[in-house]
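S.K.: Respectively, the protein sequence lines represent chains L and Z. Heads up, the first sequence is in my numbering, so the first residue is 1 and it goes up one at a time. Heads up, the second sequence is in my numbering, so the first residue is 1 and it goes up one at a time.
Worth flagging that the hints you see were computed from the coordinates, not collected in a lab. A hint or two may mislead.
List time: in silico DSS-like cross-link candidates among lysine-lysine, alpha-carbon distance up to 25 Å [what the hints assert, rightly or not]:
no.	chain 1	residue 1	chain 2	residue 2
1	Z	146	Z	64
2	L	233	Z	118
3	Z	324	L	432
4	Z	324	L	5
5	Z	321	L	400
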Amino acid sequence: MKTFKLGGVHPEENKLSAGAAIEILPLPEKVFIPVSQSLGAPSKLIVEKGAVVKTGQLIAKGEAFISANVHSSVSGKVSRIEEVTDTSGYRRTAVVIDVEGDEWDEQIDCSKEVKAEITHSREEIVRKISEMGVVGLGGATFPSHVKLMVPEGKKAENLLINGVECEPYLTSDHRLMLERSREMLIGIQILMKGLDVKKAYIGIEKNKPDAIDHLEKLVAEYPGIEVVPLKVKYPQGGEKQLIKAITGREVPSGKLPIEVGCVVNNVGTALAVYEAVQKNKPLVERVVTVTGKSLEKPSNLLVRIGTPVSKLIEFAGGLPADTGKVINGGPMMGKALTSLEVPVVKGTSGLLIMPEKESRRMPVVNCIRCARCISVCPMGLEPVLLAQLSENQMFETAEKERILDCIECGSCHFTCPAGRPLLDYLRLGKNKVGIIIRNRGKK
Amino acid sequence: MSILTVSGSPHVHGHQNVKSIMYGVVVAMIPAIFVSVYFFGLDAARVIFISVAACLFFEWIIQKYLLKGPLTINDGSALVTGVLLAFNVPSNLPAWMIVAGALVSIGIAKMSFGGLGKNPFNPALIGRVFLLISFPVQMTSWPVPKALFAPGVTDAITGPTTLGILKEGISAGKTVQELMGSAGFPGYMNDLVGAQGGSLGEISAIALLLGAAYMFFRRIITWHIPAAYIGSAFVFSGILWLVNPAIYIDPVMHMLAGGMILGVFYMATDMVSSPMSPRGQLVFGVGAGLLTILIRVWGAYPEGVSFAILIMNAFTPLINKAFKPRRFGEALPVKKG
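Sequences are here, hints too, so could you generate the full structure?
M.R.: So this is what it looks like as structure tokens:
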């Protein structure tokens, strides 16, 4: 069975909510929609306080090349435009909408009917995806239409669909592959047409045998799409690792997947693409896993963007008494939240509620030079060295040692027997090296 | 819940920690401890006890009064050094010499560099080499092994090691075949189970390999250093043996006699003082293997394992600089098609 070669770890999977069918979370009274939810330039706000909006109506426009539109996820009245703390912990401008009913924009096809026939041209597909504010739903939130615009001189050969979900606990992609499979497959066909490629591979780790079986039966009807079962290993859902696992190709340092003829999209993104192109539906809701060992009812919820995370936790049985930490995302790469009032955004794939006793880091002792961080690094870096260089502010050397190749998967810190916060130092170093490189460009 | 804990990712941690690794090494050494007590009697237990107690004591007192750092004697590393030092001396070594060896191991080789993880050389080996060059007579008079409770033989009888017999004999003009056929030569089988003269922990290849298998199973050590070490030593000594079997010992005997197995699996693999990348570890192992045979065959001492490992320890920082892990995307031409 295929997998990537270099490094990797095996955290406990803890897929508590794998058997929980997707449920629709009732509408909240208020939503907080951050104006910028994707990678790239901030979007420009186009509604004012007091405006009445419908579900799916554009409220912020992505004007730069790498930026994305944001739509209202509910119908109602814009009561405030204010700074709110978002999932990254920063204060950002958000549109606060008081929910009134659920009136969708007339352009949107709200029927349940699956529309299989793809009538749009390549250009129309790219335009639709851009218009509907579709971004990568795996967590990186890279605007999806940009991935379809292959740079001059490059050629896409393969579309890879990321159904790996290698983060422990998270199951939203797993459920989508089971419950929304046809729409997702049509979404993949649309992406294939948009990229003008003949082959698409859906990579799924073998800890989801039901999804592999289910999709393998279905893909016969969708020419060019192939399911690739993968060995379970973190971080297989990393773009570069997935490309390596499925095609055997390695994306060179500092380059994009298109360099090796690949484009990678998440299964959730494929579904969003289907809805955008076939149903005219902007990205206003997504599936979020709400999970944790002490949580009463680990669930997979279909949630409107902007819903405060406290509403999701309430639906899943309320915040357990022993809660120590709430994480936006999975335990390996997710961000610890500072408040439960932060809104769900396009990049929120899960909420993990960790009990107090699992919330603290282990004590830090001297590095014993065991080199485990080196053997688990999926990028072939030396985390121990890079952390030391960052600590000693030797950023030029860190750059030469390819600190910017770090994908922040956390395998090094996860495996370190001395409990050293390697990734903290690497993040610091990456940040500083990034600044140094930008300043170099200015001279 | 009133306050949420906030920290950077990752939020989960693997199961290994420094303590579990160190105590894992101690567990791996238990079979060899039993064999040493079986063949050398309570004297072996005495040496191990004194060595461990002295190592823990020096770690504690230096940490408390000189470095003024947190208590570290329970992390298991001083315990490992204590047992390894005991493994590297004869069972009749006077107590005060063991204590002196422990002071050098812990005080000079480890704590003076900053304690756990900072030492460039393997502390137990520094202790052993210090004792060997300070007290050459006591460090090379080996009690003859006898099965525990076997009648007739007293502890007072000493004799040479397997490698010692061969080294002496070869320089006196005898052939390897004559020596290995002579009365009193331990032979392959005895070297395997441990009925040979030598340091406490090095005599039984089987007990040491059992512990090594445990360390592999627990993923405390990887195959790189042991494989490269044994491979290069085997090939080098094999070539010499093929050239002239009369004056060169055969490779299998090289593996079983002396401190080869102990050194390869328990000391060359010491994380702190060996290289970090797999490539570097292979270079380290090959170097140590060649040096071991070189010293055994042409050096003044019959045994070369400790010197070989210490010399390669000295090269470790250079090896770390020169042999980087294979970076993702490096040296793999982009496949077309």
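S.K.: Confirm or reject each hint.
M.R.: Going down the list of hints, with the structure as the test:
The straight-line distance between the Cα atoms of residue 146(Z) and residue 64(Z) is roughly 42 Å, outside the 25 Å bound, and the hint therefore fails. This hinted pair does not check out: residue 233(L) and residue 118(Z) have alpha carbons roughly 32 Å apart, beyond 25 Å. Note on residue 324(Z) and residue 432(L): the hinted pairing holds, with a Cα-Cα distance of about 23 Å set against a maximum of 25 Å. Restraint check for residue 324(Z) and residue 5(L): the C-alpha separation of about 17 Å stays at or below 25 Å, so the hint holds.
Among the hinted pairs, residue 321(Z) with residue 400(L) is consistent with the structure: their alpha-carbon atoms are about 13 Å apart, no more than 25 Å.
Against the hints set out earlier in the document, violations occur for numbers 1 and 2.
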